Amino acid sequence: MTLFEAIIFGIIQGITEFLPVSSTAHIVITQLLFGYTFPGLAFEIYLHLASVLAVIMYFWRDLWNVIQGFFKFIFKQSKEDRVQFYFGIYILVATAITGVLGKLLTDTMGEGLKTPGMIAGALTVTGFALIFIERFHKTGDKNEKSMTFLDAIIVGLGQTLAVIPGISRSGSTLVVSLLRGLDRETAVRYSFLLAIPVILGSSVLALDDFSAEMLTYIGPLNLFVSFVVTFFFSILGIIWLIDFLKKSKLIYFAIYCFVLALLVYTMIDPDTVMDV
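Each number in the working numbering corresponds to the 1-based position in the sequence shown with 378 added.
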């Protein structure tokens, strides 16, 4: 891998991780364009760690409030910490559902998830979901205080679909949260905080893929540069998405998904091996 390619991978991962356009699909497509077949999931997970570091730094106050309130309620049973305790529980519930069902779906379908047809179809579904939630669904008024276990379960099920390249994790959690009646601020906060345990959990499961082979294949400098670039552009992606949601501009992301789906379906050879 060249330094230029490492920078491109970092930019692609950073920008697309939190936008509702599927970072996994973009990484798969970029690999195909550059002709790479990375050993295992290590490099993809490595870049995701840079993205989750960006989330932690950007939402550190929210994260700290949830963690602090969670444990204070356990040990002190204080009413003022009850909301943060249950919000933490809702994060854990959705994460557990995604972890178990996502693993089953991946083990069942395997490489079938990464075919051009599957990616194009998933991007199309993402686009229609974004249009529906913006144009035809009235935003609810639920917040952390009025969320329920059922909300967390359904969001977790929606997030599970993001194991399919082309289904955006941030997009699926955001759409399902809004469908469940969460207000936009709570839906965005919930979606971003959910990314932390999901990505960290995926990293633990992929530890076996981190090896000297990956270091040799990609190169120490390229790994460092791609991590830094991913972190920087993840911050930009977070800021950009929050700004777009305030202006209700999800339709633009939907159009992008449709265009990308068409390009993937018509321009990528379905016989290409996508071992990522």
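What the hints contain is simulated information worked out from the structure, not anything from laboratory work. Just so you know, not all the hints are guaranteed correct.
With a cut-off of at most 16 Å between alpha-carbon atoms, the simulated EDC-like pairs for lysine to aspartate or glutamate come out as follows [stated by the list, open to error]:
1) K624 with D561
2) K457 with E512
3) K523 with E422
4) K520 with D561
5) K625 with E563
6) K450 with E512
7) K516 with D561
8) K523 with D561
9) K516 with D459
10) K523 with D440
11) K523 with D459
12) K627 with E512
13) K624 with E522
14) K454 with E522
15) K625 with D440
16) K516 with E458
17) K625 with D561
Simulated restraints, written as ranges between beta carbons of each label pair [stated by the list, open to error]:
18) R439 with D561: 30 to 36 Å
19) W438 with F510: 31 to 37 Å
20) F453 with G597: 23 to 29 Å
21) V637 with F510: 14 to 20 Å
22) F506 with I434: 29 to 35 Å
23) L381 with I445: 33 to 39 Å
24) K457 with M645: 36 to 42 Å
25) Y643 with E383: 21 to 27 Å
26) I467 with M645: 28 to 34 Å
27) K627 with E458: 16 to 22 Å
28) R460 with I434: 47 to 53 Å
Owing to the predicted nature of the structure, the values given are computational and were not obtained by experimental measurement. Built from N, CA and C at the ideal position, the CB exists for glycine as well.
Hint check:
{"no.": "1", "hint": "K624 with D561", "result": "holds, 12 Å"}
{"no.": "2", "hint": "K457 with E512", "result": "violated, 36 Å"}
{"no.": "3", "hint": "K523 with E422", "result": "violated, 36 Å"}
{"no.": "4", "hint": "K520 with D561", "result": "holds, 6 Å"}
{"no.": "5", "hint": "K625 with E563", "result": "holds, 13 Å"}
{"no.": "6", "hint": "K450 with E512", "result": "violated, 38 Å"}
{"no.": "7", "hint": "K516 with D561", "result": "holds, 10 Å"}
{"no.": "8", "hint": "K523 with D561", "result": "holds, 12 Å"}
{"no.": "9", "hint": "K516 with D459", "result": "violated, 30 Å"}
{"no.": "10", "hint": "K523 with D440", "result": "holds, 15 Å"}
{"no.": "11", "hint": "K523 with D459", "result": "holds, 11 Å"}
{"no.": "12", "hint": "K627 with E512", "result": "holds, 8 Å"}
{"no.": "13", "hint": "K624 with E522", "result": "violated, 19 Å"}
{"no.": "14", "hint": "K454 with E522", "result": "violated, 20 Å"}
{"no.": "15", "hint": "K625 with D440", "result": "violated, 23 Å"}
{"no.": "16", "hint": "K516 with E458", "result": "violated, 30 Å"}
{"no.": "17", "hint": "K625 with D561", "result": "holds, 14 Å"}
{"no.": "18", "hint": "R439 with D561: 30 to 36 Å", "result": "violated, 19 Å"}
{"no.": "19", "hint": "W438 with F510: 31 to 37 Å", "result": "holds, 33 Å"}
{"no.": "20", "hint": "F453 with G597: 23 to 29 Å", "result": "violated, 47 Å"}
{"no.": "21", "hint": "V637 with F510: 14 to 20 Å", "result": "holds, 18 Å"}
{"no.": "22", "hint": "F506 with I434: 29 to 35 Å", "result": "holds, 32 Å"}
{"no.": "23", "hint": "L381 with I445: 33 to 39 Å", "result": "holds, 38 Å"}
{"no.": "24", "hint": "K457 with M645: 36 to 42 Å", "result": "violated, 58 Å"}
{"no.": "25", "hint": "Y643 with E383: 21 to 27 Å", "result": "holds, 25 Å"}
{"no.": "26", "hint": "I467 with M645: 28 to 34 Å", "result": "violated, 45 Å"}
{"no.": "27", "hint": "K627 with E458: 16 to 22 Å", "result": "violated, 36 Å"}
{"no.": "28", "hint": "R460 with I434: 47 to 53 Å", "result": "violated, 24 Å"}
Violation of the numbered hints given earlier is confined to hints 2, 3, 6, 9, 13, 14, 15, 16, 18, 20, 24, 26, 27 and 28; the remaining hints are satisfied by the structure.
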